[in-house]
Amino acid sequence: MRKYWIIQRKSFSFLVDKKSAFGIVVLSLAALLAMLVSIGVGDMYIAPWDVFNALLGTGLDINQLIITEFRLPRVLVAFIAGASLALSGAILQGIIRNPLASPDMIGITGGAGFAAVAFLTMFSDDSNNLLLSINYLPLFAFAGATIVAFLIYGLAWKDGVTPIRLILIGIGLMALLQALTTLMMLIGPIYRASQATIWLTGTVYGTSWKEVKAILPWFLGLMPILVLLVRRLNIQGFGDDLTTGAGISVHRERFMLLMICTALAGSAVAFAGAMGFVGLIGPHIARRITGSSFGGLFPASALIGGIMVVLADLAGRTLFSPLEVPAGVFTAAIGAPYFIYLLFKNQ
Amino acid sequence: MAVLTTSNLTLAYGKEPIIDELNLQIPKGKITVLIGSNGCGKSTLLRSMARLLSPKNGHVLLNGKDIAKRSTKQVAKELAILPQGPIAPEGLTVLQLVKQGRFPYQSWLQQWSREDEEAVMSALHATNLISFMETPVDSLSGGQRQRAWIAMTLAQGTDTILLDEPTTYLDMTHQVEILDLLFELNEKEKRTIVMVLHDLNLACRYAHHIVAIQDKTVYAEGAPEEIMNEQLVEDVFQMSSTVIPDPVFGTPMCIPFGKGRIVRHVNTPQYA
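As they're listed, the protein sequences go chains A and B. Numbering-wise, the first sequence is residues 1 to 347 according to this note's numbering. Numbering-wise, the second sequence is residues 1 to 272 according to this note's numbering.
Treat each hint with caution, since some may be false.
BS3-like cross-link-like pairs, simulated, lysine-lysine; straight-line CA separation at most 27 Å [stated by the list, open to error]: (1) B:Lys69 <-> A:Lys158; (2) B:Lys188 <-> B:Lys28; (3) A:Lys3 <-> A:Lys19; (4) A:Lys10 <-> B:Lys69; (5) B:Lys15 <-> B:Lys73; (6) A:Lys18 <-> A:Lys3; (7) B:Lys188 <-> B:Lys216; (8) B:Lys259 <-> B:Lys28; (9) A:Lys158 <-> B:Lys30; (10) B:Lys216 <-> B:Lys65; (11) B:Lys15 <-> B:Lys69; (12) B:Lys28 <-> A:Lys158; (13) B:Lys216 <-> B:Lys56; (14) B:Lys69 <-> B:Lys30; (15) B:Lys216 <-> B:Lys259; (16) A:Lys158 <-> B:Lys15; (17) B:Lys56 <-> B:Lys73; (18) B:Lys65 <-> B:Lys77; (19) B:Lys73 <-> A:Lys158; (20) B:Lys73 <-> A:Lys10; (21) B:Lys188 <-> B:Lys69.
Cβ pair distances, simulated, as ranges [said to hold, decoys possible]: (22) A:Leu220 <-> B:His59: 45 to 51 Å; (23) B:Asn8 <-> A:Ala179: 28 to 34 Å; (24) A:Tyr338 <-> B:Asp171: 36 to 42 Å; (25) A:Pro48 <-> B:Gln84: 43 to 49 Å; (26) A:Leu180 <-> B:Lys77: 47 to 53 Å.
No lab work stands behind these hints: they were computed from the structure. Predicted model, so just to flag it, every value in this text is computed and none were measured. Glycine residues also receive a C-beta, built at the ideal position from the N, C-alpha and C atoms.
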């Protein structure tokens with residue numbers, strides 16, 4: 001038992017895998033570093049030490065302004081969105097029992113994307129003015145994700161919902177939503193189409209504290225639920241029969257997990273756009289570090305997803321400056337080849 | 001004394017019943033083996049006795065109480081099921097697998113109590129897997145893997161264990177190894193074991209009680225030496241055979257007829 005720390009007290013007991021714990025500590029430090037660098041680098045370079053000072057409120061006024069007003073909220077939303085997407089993917093891969101599942105594959109992200117594009121094109125008048133405040137877009141996106149999740153579940157239901165039906169119905173809906181999204185963009189004003197494309201790629205451009213305040217409660221609120229779910233998700237990996245055998249109502253559990261997965265993906269997409277591949281790749285890389293047990297997989301996925309989007313946004317802001325490339329371009333640019341590699345290796 | 005009872009149990013996947021109005025009693029503290037031809041419903045019956053399939057009609061009683069009306073977590077402390085061909089998540093180690101057997105006893109704050117540790121360790125000892133504790137399940141051999149799954153059901157600490165074809169895909173050595181393990185569990189700890197087996201001869205050797213399923217119901221049940229004969233094999237499996245006492249164990253041994261090479265002619269001894 002050298003690989004574990006055993007904690008056994010009267011009121012609590014845990015078995016902690018040392019390798020996972022170590023991995024999570026390293027990832028946390030990497031995440032902090034990525035955020036510090038991302039805050040410091042931009043049109044105006046601010047050294048890490050000055051970033052630190054500014055965060056503590058003891059830096060130069062100009063640094064303080066740039067960091068707290070512009071860069072910090074952006075980095076925070078990037079991190080939270082990435083973490084949420086990766087967690088959502090980890091849950092989905094757990095319930096579908098397939099490492100290739102992710103919220104963008106079964107139409108949850110697609111539902112949000114369609115709703116957002118529909119919002120941009122339907123509420124736009126002839127002179128390209130929105131009839132409804134752009135502030136409502138996240139709400140539409142979130143609603144789109146949720147409606148699709150219910151649709152998937154409802155359509156997949158046949159004396160319960162099996163993982164394979166869930167994924168097949170999801171892929172079908174995804175194809176339909178993509179077609180509808182394209183249709184929306186074609187019939188809408190051209191100006192909105194380009195705006196929609198950026199949104200569909202995923203970006204945290206122009207993020208302020210308002211977005212942080214909107215996404216943070218979701219993230220923090222869902223965390224304790226995830227902690228409670230770890231054990232139950234672990235056992236789901238063994239299939240419906242053994243899960244039932246261990247004393248779990250499989251279908252009720254699966255529905256609850258799908259809803260949490262949707263809430264995470266929906267909130268991320270609402271504020272950072274339909275960022276691709278984070279939900280797929282994040283948990284994968286995490287699994288290499290912590291193994292498939294969700295106790296370690298959850299925190300590691302969240303950290304990796306967060307780091308991915310923070311770095312993708314950093315690349316998008318700086319590589320082609322003064323042009324801003326949406327962060328989603330970079331998550332896809334790294335994600336897509338990795339995905340192909342996974343498929344190749346799984347053959 | 002019956003640990004599991006079915007009363008007027010009707011099972012179906014679609015409209016056509018697979019098991020019809022069955023009344024069956026599984027004796028406590030014994031090894032019971034369900035036999036029957038492919039698709040006769042023996043696995044379906046086993047699954048329903050483990051509440052994995054809800055009946056169209058009738059009830060399954062576990063220790064006298066309707067299994068469907070009890071808390072599924074409570075049932076998990078009394079009855080464990082090992083389904084056919086279980087699959088473990090990629091990269092999971094033997095310890096992580098066996099640990100899952102403790103699920104019904106754990107809570108969020110109690111995930112590795114002393115009782116959990118003892119139960120898991122004794123399950124690993126019983127299945128001879130202590131040295132493979134940190135090995136990923138997917139890199140074990142077929143026999144070891146099946147032992148790991150059995151260890152998981154053992155860790156669940158139930159008096160009754162149901163197994164659906166625990167020896168399928170295993171070679172002869174490992175089949176006997178698994179059955180020996182289950183036999184010892186029954187001998188030493190008086191656990192009730194109910195399983196589906198395809199090998200009639202091994203079924204007759206290890207089972208105290210055999211239930212032959214045919215035409216949606218029980219064709220015959222009882223001790224192998226009492227019920228096993230040519231007529232049963234003919235009716236249940238549509239197979240001509242001769243049934244003789246096993247020269248080593250004395251339990252019934254079924255030799256199926258059919259084509260094949262004949263090396264020498266012997267007088268086939270008549271059984272019973």
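Against the structure, the hints:
The hinted pair formed by B:Lys69 and A:Lys158 meets the criterion: a straight-line CA distance of about 22 Å does not exceed 27 Å. For the suggested pair B:Lys188 and B:Lys28, the alpha carbons sit about 14 Å apart, so the restraint of at most 27 Å is met. Simply put, A:Lys3 and A:Lys19 have alpha-carbon atoms about 7 Å apart, close enough for the 27 Å limit, and the pair holds. Straight-line distance between C-alpha atoms of A:Lys10 and B:Lys69 comes to about 32 Å, which puts the hinted pair past the 27 Å bound.
With a C-alpha separation of about 30 Å, the suggested pair B:Lys15 and B:Lys73 falls outside the 27 Å cut-off, and the hint is violated. Simply put, A:Lys18 and A:Lys3 have alpha-carbon atoms about 6 Å apart, close enough for the 27 Å limit, and the pair holds. Of the supplied pair hints, the one linking B:Lys188 and B:Lys216 is violated, its CA atoms being roughly 35 Å apart against a limit of 27 Å. Under the criterion of a C-alpha separation no larger than 27 Å, the hint pairing B:Lys259 with B:Lys28 is inconsistent with the structure, at around 41 Å.
The hinted pair formed by A:Lys158 and B:Lys30 fails the criterion: a straight-line CA distance of about 38 Å is larger than 27 Å. Note on B:Lys216 and B:Lys65: the hinted pairing holds, with a Cα-Cα distance of about 24 Å set against a maximum of 27 Å. Only pairs whose Cα atoms come within 27 Å are accepted, and B:Lys15 paired with B:Lys69 is accepted, the gap being roughly 24 Å. Restraint check for B:Lys28 and A:Lys158: the C-alpha separation of about 36 Å exceeds 27 Å, so the hint is violated.
The hinted pair formed by B:Lys216 and B:Lys56 meets the criterion: a straight-line CA distance of about 14 Å does not exceed 27 Å. Taking the CA atoms of B:Lys69 and B:Lys30, the gap is near 26 Å; set against the 27 Å cutoff, the hint holds. A hinted pair counts as satisfied when its Cα atoms are at most 27 Å apart, and B:Lys216 with B:Lys259 does not qualify at roughly 30 Å. Between A:Lys158 and B:Lys15 the CA atoms are separated by roughly 15 Å; this keeps the pair inside 27 Å, and the hint holds.
As the CA atoms of B:Lys56 and B:Lys73 are separated by approximately 23 Å, the hinted pair is consistent with the 27 Å bound. Taking the CA atoms of B:Lys65 and B:Lys77, the gap is near 14 Å; set against the 27 Å cutoff, the hint holds. Between B:Lys73 and A:Lys158 the CA atoms are separated by roughly 24 Å; this keeps the pair inside 27 Å, and the hint holds. At roughly 22 Å between alpha-carbon atoms, B:Lys73 and A:Lys10 fall within 27 Å of each other, so this suggested pair holds.
The suggested pairing of B:Lys188 with B:Lys69 is violated, with an alpha-carbon distance near 32 Å, which exceeds 27 Å. Checking the proposed 45 to 51 Å range against A:Leu220 and B:His59 shows it holds: the Cβ atoms sit about 46 Å from each other. The hinted window of 28 to 34 Å between B:Asn8 and A:Ala179 is violated, with their beta carbons roughly 52 Å apart. The hinted window of 36 to 42 Å between A:Tyr338 and B:Asp171 holds, with their beta carbons roughly 39 Å apart.
In this structure the supplied range 43 to 49 Å is violated for A:Pro48 paired with B:Gln84, their Cβ-Cβ distance being about 58 Å. For the pair A:Leu180 and B:Lys77, the beta carbons lie near 50 Å from each other, so the given range of 47 to 53 Å is met.
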